[in-house]
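K.L.:
Please arrange chain B on chain A, whose structure you already have, making use of the hints.
Quick mapping for you: the protein sequence lines, in order, are chains A and B.
Residue numbers 0 to 92, in numbering that gives the first Met the number 0, belong to the letters of the first sequence in order.
Residue numbers 0 to 474, in numbering that gives the first Met the number 0, belong to the letters of the second sequence in order.
Mixed in with the good hints there might be a few duds.
[As the list claims (entries may be wrong)] Within a straight-line C-alpha distance of at most 20 Å, the following computed PhoX-like cross-link-like pairs (lysine-lysine) qualify: (1) B:245 with B:274; (2) B:12 with B:54; (3) A:90 with B:332; (4) B:332 with A:87; (5) B:382 with B:253; (6) B:445 with B:245.
[Said to hold, decoys possible] Listed next, with one range per pair, are the computed distances between beta-carbon atoms: (7) B:75 with A:81: 14 to 24 Å; (8) B:279 with A:35: 39 to 49 Å; (9) A:67 with B:378: 26 to 36 Å; (10) A:69 with B:435: 25 to 35 Å.
I should point out that these hints are in silico values taken from the structure, not numbers from a laboratory.
The model shown is predicted, which means the values in this text are computed figures rather than measured ones.
Note that CB positions come from ideal geometry on N, CA and C, so glycine has one too.
Residues per chain, in single letters:
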Amino acid sequence: MITKEDVEHIGWLARIDISEQETADFMEKLNSVLEYFGQLDELPTEDVAPTYHVAEIYNVFREDIVEESLPQEVVLENTEDKQNGTFKVPKIG
Amino acid sequence: MAKWMNVAQIKEKIEESSAEEVTAHYLEVIKKNKINGYITVSEKALEQAKKIDAKGHNGPLAGVPIAIKDNISVAGLPNSCGSKILENYIPPFNAHVIEKLLAAGAIILGKTNMDEFAMGSSTETSYFGPTTNPWDLERVPGGSSGGSAAVIAAGQAPFSLGSDTGGSIRCPAAFCGVVGLKPTYGAVSRHGVVAYANSLEQVGPLANNVTDIAVIMDVIAGYDHKDSTSIDSKTEYQKALVEDVKGLKIGVPKEFFGEGIHPDVEKAVWNAIHKYESLGAAWEELSMPNIKYALASYYIIAVSEASSNLARFDGTSYGFRASGDNWHTMVSKTRAEGFGAEVKRRILLGTYALSAGYHDKYYLKALKVRTLVKQDFDRALSKVDVLMAPTMPNPAFKIGETIEDPLTLYLSDVNTCPINLAGLPSISVPCGFTDGLPIGLQIMGKPFDEPTVLRAAYTFEQSTDYHTKRPQGVA
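Chain A extracted, bound-state conformation:
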């Protein structure tokens, strides 16, 4: 069961601000889904290997050659704030 404190903690980990009022709603809905997920416990899987993805390819390498990429000003077109060719954000702490 997820508690109010759990919701606040994962909200912080996920960087999503959650109001007092939303916390109760998230708690109820996430718990109903987690309870459903719990059915997997009945299936023994000790000797089963995990499948991360199904494509039978692993490391994909290419030659380390510089290719054409988007110009800096185009990349910066969608940001709210920029300065001297960089993205500008508020200070970290």
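P.N.:
Chain B in isolation, oriented as in the chain A frame:
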């Protein structure tokens, strides 16, 4: 001009008149819109058509209009993903599939409505309001590619692209009475498609008929070095359009006909299977015992991958930004205001499933169950050529019916999501109606065996008329 045309008919029309006239026709139908299928209609479509007319109609889709789901990047057109957080984002580059379509001469009509970040089965979680089902304007079109399916059913585009993470092409195809293919994982490049759950999703086509699906696949499929999971299968899709199922072995997995299935859906699917039998195919019932765990496994993996993939929406390099004194407050407020409730729920669930102390219980467990589900498919498909089942256990539900209860909505993916865990190809084709609402037959195949899936779908279509029925309410 006929309201519903296939690619061959459109090409004929273009030769008779022009690509410009055909594009103008679709733009006119879109204007009479009652379904909210598009988020953006391209202002450049006519101009693009004129260019094609001037250049001459070369290329397999020269002058043929197409609608694109709003999570597939088209340079210069907004790519909102149905979210406030990307409302004003305009991608500076084309997705690989868009490059391929443009090279083939296709005209991009616009970007279609979808559940926010493809998270939903009804298109109700879109920031831009729900799309309605052309067969009944009070009902959902399915999702998450609801716009891509509804615009075809309403005659607002001849075909479209969608993306399918757990059924997002097949579900709306079934609900709107059109054809939708989820290709084998790796068959179509995901470069330029906004990731939700990258180990599960594939881009694929929706159309009014199986032939057009094969036509688009011949254009969009193939290797792309910008997608590290891209595989070159060298499949020739249109060559598979052969009307012949003699000797085809069909498996009918009983787990796909579970509790809660609508009796008319069950009947329509069995009628389809008996139709195949009359055409010379053989069927057998079989069991896939781990399928009942597929939905839980699918959702754990999807939300876990989502929590990581959607971390990039932090108000920094693109999209909406809220104000905040420091970086953490800015990001937390941006995401709180920019994401809708269902997206937040899935990010929070995924964050929880991957967090210290719960990773093994949820995420690792789900990956192991994924192996078991895949083994069920391997076993079944070693005995038969294709599997057949209902795409959706029920017809389209009413708008607002499930939106407040996430678990009920998740359960509607029960027959579609197992395929994504196993990475297999699967098509939904119209196979009947209940109370005027379409029913979809799902045909699932072996990895990269789209040819057999398409041949089965094509043969069914040639001997039935479900795909020719059109909704009257939007005419």
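K.L.:
A separate judgement is required for each hint: does it hold in the structure or not?
P.N.:
For each hint, the structure was consulted:
1. Between the alpha carbons of residue 245 of chain B and residue 274 of chain B the distance comes to roughly 12 Å, so the proposed pair stays at or under 20 Å and holds.
2. Straight-line distance between C-alpha atoms of residue 12 of chain B and residue 54 of chain B comes to about 17 Å, which keeps the hinted pair within the 20 Å bound.
3. Among the hinted pairs, residue 90 of chain A with residue 332 of chain B is consistent with the structure: their alpha-carbon atoms are about 15 Å apart, no more than 20 Å.
4. Among the hinted pairs, residue 332 of chain B with residue 87 of chain A is consistent with the structure: their alpha-carbon atoms are about 17 Å apart, no more than 20 Å.
5. Annotation: proposed proximity of residue 382 of chain B to residue 253 of chain B holds, straight-line Cα distance about 15 Å (limit 20 Å).
6. Distance hint between residue 445 of chain B and residue 245 of chain B is fulfilled; the C-alpha atoms sit about 18 Å from each other, no more than 20 Å.
7. Between residue 75 of chain B and residue 81 of chain A the beta carbon distance is about 20 Å. The supplied range of 14 to 24 Å therefore holds.
8. In this structure, residue 279 of chain B and residue 35 of chain A meet the distance hint of 39 to 49 Å, their C-beta atoms being roughly 42 Å apart.
9. Under the hint 26 to 36 Å, the C-beta atoms of residue 67 of chain A and residue 378 of chain B, about 47 Å apart, miss the expected range.
10. Take residue 69 of chain A and residue 435 of chain B: their Cβ atoms lie about 49 Å apart, and the range 25 to 35 Å is violated.
Going through the hint list in order, the structure does not satisfy hints 9 and 10.
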